[in-house]
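For the record, the sequence lines run as chains S and G.
Note that the first sequence covers residues 151 to 467 in the numbering used here.
Note that the second sequence covers residues 103 to 773 in the numbering used here.
Any given hint might turn out to be false.
Short derived list, chain G residues pointing at chain S, Cβ under 7 Å [to be verified]:
id: 1; residue: T434
id: 2; residue: S533
id: 3; residue: V643
id: 4; residue: A655
id: 5; residue: L656
Bear in mind the hints are in silico, worked out from the structure with no lab data behind them.
No residue lacks a Cβ here, since even glycine has one placed at the ideal position from N, Cα and C.
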Amino acid sequence: MTVNAWLQVLLQSVLFLLGAPLLVAWVRRVKARLQNRRGASWIQPYRDLYKLFGKETLVAHTASGVFRAAPYMVFASTLLACTVVPLITVRLPSAAVADVIVLVGFLALGRFFLALAGMDVGTAFGGMGSSREMLISALAEPAMLLAVFTLAMTAHSTNLASVIDHQLISGLILRPSYLFALMSLVLVAVAETGRIPIDNPTTHLELTMIHEAMILEYSGRHLALMEWAAQLKLMLYGVLIVNVFLPWGIGTQLTLPALATGLLFVIGKLLLLGVILAVAETGLAKMRLFRAPAFLNLALLLALLGLLSHVILEAAA
Amino acid sequence: MNPTLPLSLILAYVAVLAALGSAGVALATGRLPGAKGLMFLLLGVSGAAAVAAGLMALASIPAGGDLPLGLPWLPWHVRLDALAGFFLIVVGLIVLAVTVYGPGYVRDFEHGQDPLSALGSFTGLFVAGMLLVVLADDAFLFMVAWELMSLSSYFLVVYQHEHAANRRGAFLYLLMAHIGALFILLGYGVLAAFGGSFAFDAMRGATLSPLWASVAFGLAFVGFGMKAGLVPMHAWLPEAHPAAPSHISALMSGVMLKVAVYGFIRFTFDLLGQIQWQWGVAVLIIGSISALMGVLYALMQHDLKRLLAYHSVENIGIIFIGLGLGLIFLATGHPVAGVLGLIAALYHTLNHALFKSLLFLGAGAILHATHERDLERMGGLFRRMPWTGFYFLIGCISISALPPFNGFVSEWLTFQTALQSWQLSGGVLRSLIPVAAAMLALTGALAAACFVKVYGVAFLGQARTRRVRRARPVTFGMRSAQGFLALLCLLAGIFPASLLKWLNAVPDQLLGRGLSTATAHGWLWLTPVAPETASYSAPIVVLALVLLWWVSALLLRRGRVRQVRRCDPWDCGFTDGLPTARMQYTATAFAQPIRRVFGVLFHMDERVEREGGGIRHQLHVGDRAWELFYVPVARRIQALSRRVTRLQGGNVRVYLGWSLGTLLVLLWLIS
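Take these sequences, add in the hints, and give me the full structure.
Here it is as structure tokens:
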């Protein structure tokens with residue numbers, strides 16, 4: 151039983167690793183269709199990663215060991231974060247190892263090294279990207295923590311598996327606090343994964359880029375790890391949103407049919423989320439950097455409203 | 103003296119005596135050849151003995167005794183219980199690190215104009231003072247030791263007195279320390295009046311009316327808060343701490359602030375009997391504001407030591423958030439959550455002592471190697487001083503509350519305490535605590551931003567000045583002191599459950615109940631309330647992180663292209679040479695977006711001046727506490743003083759009249 155459970159953690163990591171590029175391909179294809187283009191092939195992100203892994207790795211003279219360690223650190227911490235979010239079943243033993251606060255901590259750890267790597271080479275772009283990334287994350291992280299606190303206080307647990315379990319057991323109740331938390335988490339996810347309107351993952355325009363500015367000096371396998379980590383992060387936030395707020399269909403037992411159903415459901419939900427993201431990105435324009443705090447303050451406010459409405463309206467019993 | 107003195111108390115006496123001995127020996131430095139070595143050796147003995155005494159105190163029952171000192175009718179009482187033991191360990195560990203670090207660092211001063219004997223002797227007195235504060239079991243000894251600590255640290259702050267800024271900072275420190283001491287004295291006075299004696303035992307037995315208890319609490323909160331550097335009374339801290347030599351800054355920020363925290367815990371949780379929840383609310387609010395303002399002001403600094411001093415304000419705020427939560431839960435009858443809050447605060451106390459001392463020692467190493475404190479003039483130090491760079495990085499990760507290091511564990515525990523607020527019945531409390539948790543979350547994220555700035559600007563990138571480009575690694579002793587603290591940071595982060603087991607003795611003796619659930623599932627699991635509520639397993643996390651790193655590195659090293667080629671950074675099409683060091687982002691530039699977003703909270707003076715052909719940008723970010731708190735208070739006091747000076751008319755007959763009046767009033771009072 152326990153061996154099976156831990157094997158399932160391994161399976162989930164592999165699913166995350168393989169699925170993340172696919173989700174990106176899906177979003178890109180939907181966006182292309184919306185813009186009347188045909189779009190790249192389904193396997194283009196895999197091809198890109200394969201190409202980068204095979205290329206020579208260049209490191210600037212001015213870079214130190216931090217620059218070379220950062221891709222591994224970013225990749226490892228993001229993947230670790232992925233292993234604690236229930237993907238196809240709630241019977242996930244790794245959810246007890248690290249609760250949702252630790253999950254936020256993992257993401258922060260990866261970001262810390264990403265930002266340091268941006269400053270390591272000593273060019274203007276890297277520092278610019280790091281500075282902006284830390285501003286965005288400084289405002290997004292508390293909003294995310296508050297949003298998950300709302301869930302944690304409802305379920306009386308910070309363990310993600312327990313939170314989802316509680317959701318499943320209590321059934322579909324429309325709680326205002328959940329609605330606020332969901333809206334806040336969506337805004338945070340957009341900001342943290344560097345999507346429009348906060349950052350544009352396809353731009354290399356000096357004045358606007360954030361994530362791309364930090365990894366500008368990377369090449370070869372280092373770049374591949376960074377790109378893969380970014381794709382993992384997108385899928386992580388997607389899974390977090392769909393599985394925590396709409397957990398229906400997720401496997402509650404460790405049987406093969408339950409896992410298969412869970413997989414099918416999560417794929418369907420992620421595809422739907424991908425469409426929403428693509429539509430939003432097509433319809434919106436990127437904001438100026440100094441409009442971003444307003445966007446994130448809204449997220450923080452929504453999260454706080456969610457928590458307060460939980461405290462005042464729902465927990466009175 | 104008690105003939106059967108327990109070993110823990112003997113060790114504590116040894117620690118105090120060794121520190122005093124070190125102070126004595128220091129007077130001979132410069133005259134006797136081996137004196138410097140003996141001075142540091144005695145200081146090391148003091149630290150080691152304090153750690154040993156503390157460990158034994160955590161494992162045994164409280165031990166007390168009398169000292170053959172003090173007034174005839176008021177001998178000095180000493181008591182070593184688990185709380186005192188815990189703080190002895192905190193003091194001892196940092197003193198040990200400073201002892202190893204000191205010999206290399208003070209080499210700069212040996213040939214300077216300031217005598218080494220003064221530095222060593224006041225350091226010894228300072229350490230002895232801190233140890234005695236923790237050991238004291240009556241208000242008399244407590245205040246004497248408190249003054250010894252404050253006064254000797256004043257002389258350490260003013261040590262390099264040739265700089266006017268140091269003299270100014272030191273005077274401010276002296277002033278604030280004494281105003282604080284006055285409040286503490288008054289607080290003890292209230293307790294002593296009800297208890298009938300200055301001994302802590304009598305104070306514990308005293309029954310106070312709720313009003314008087316609140317008065318005593320308020321006095322103690324202001325007094326200890328002033329020393330600990332809570333907003334808005336913090337303004338002396340970033341002036342005074344950076345002025346001292348770096349290893350003393352480490353002692354002041356790492357340990358002396360903790361002694362103030364000790365005083366507050368002793369006064370509130372131990373001596374004052376019945377806790378009221380309103381106190382907890384006050385502590386929680388002040389703590390949250392301190393944490394947020396501390397980190398925001400730290401972000402605006404580019405003097406490394408000042409920046410670290412502001413981070414002390416932040417971390418003290420986090421400790422007081424934990425204490426405030428503990429007070430609220432204890433007062434409303436939720437002992438499990440209350441104990442959890444206290445434990446979180448104690449854990450953060452230890453953690454802050456470790457990583458803040460580590461960072462101050464690192465800042466000292468940079469200062470020693472480059473004579474620079476200004477971040478804007480550093481850069482690329484990681485390659486010049488790899489060990490210091492590595493240890494400093496550990497300190498940065500720890501203070502930024504990132505897993506799997508120690509700062510994360512204590513913030514995690516604080517969050518877990520806050521999440522217990524569903525147990526409370528009042529709507530106000532239940533909505534206040536989440537807001538405090540939000541401020542704590544914001545603080546943590548901003549601290550990470552700040553330390554990306556510090557590390558990125560100082561240690562990464564390219565050197566901005568010639569002196570920094572030629573920096574040399576520091577001595578082995580200085581490096582190993584940092585390594586020692588970095589190792590402790592790592593251990594406290596990976597094995598929180600084992601550490602909590604020891605820490606449990608403190609609430610066990612203080613409040614009569616521990617937190618047995620937290621460590622009930624072995625050393626692997628930290629489960630503060632219950633395993634189904636929350637669990638965290640730092641050892642597994644570290645193992646997984648290392649394993650993932652190792653596997654991915656292993657797989658990639660086997661790839662088709664193994665070599666890494668060194669090349670020039672991308673130069674945006676500049677044809678004449680590489681990007682220069684001046685093109686890098688500076689610390690001020692890094693913090694500019696945050697400065698703009700939180701602009702209302704700062705006193706900003708930003709101007710652009712045109713002179714000749716060039717343009718000069720000037721930016722000064724001031725502390726709002728000055729204009730909002732210090733200046734109005736100072737103005738009131740001045741106005742009051744001016745009124746009092748009317749008494750001084752210069753006429754002898756008027757003076758005699760006043761004397762007669764005073765005498766009559768006194769006679770009337772005692773009759």
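Against the structure, the hints:
Given the 7 Å rule on beta carbons, the hint for T434 of chain G is violated: about 15 Å separates it from the nearest Cβ of chain S. Interface restraint check for S533 of chain G: the shortest CB-CB distance to chain S comes to about 5 Å, inside 7 Å, so the restraint holds. For V643 of chain G, the interface hint holds, the least distance from its beta-carbon to any beta-carbon of chain S being 6 Å, beneath 7 Å. At a threshold of 7 Å, the smallest CB-CB gap from A655 of chain G to chain S is about 6 Å, leaving the interface hint in force.
The beta carbon of L656 of chain G comes no nearer than 11 Å to any beta carbon in chain S, farther than 7 Å, and the hint placing it at the interface is violated.
Checked against the numbered hints listed earlier, the structure breaks hints 1, 5; every other hint is satisfied.
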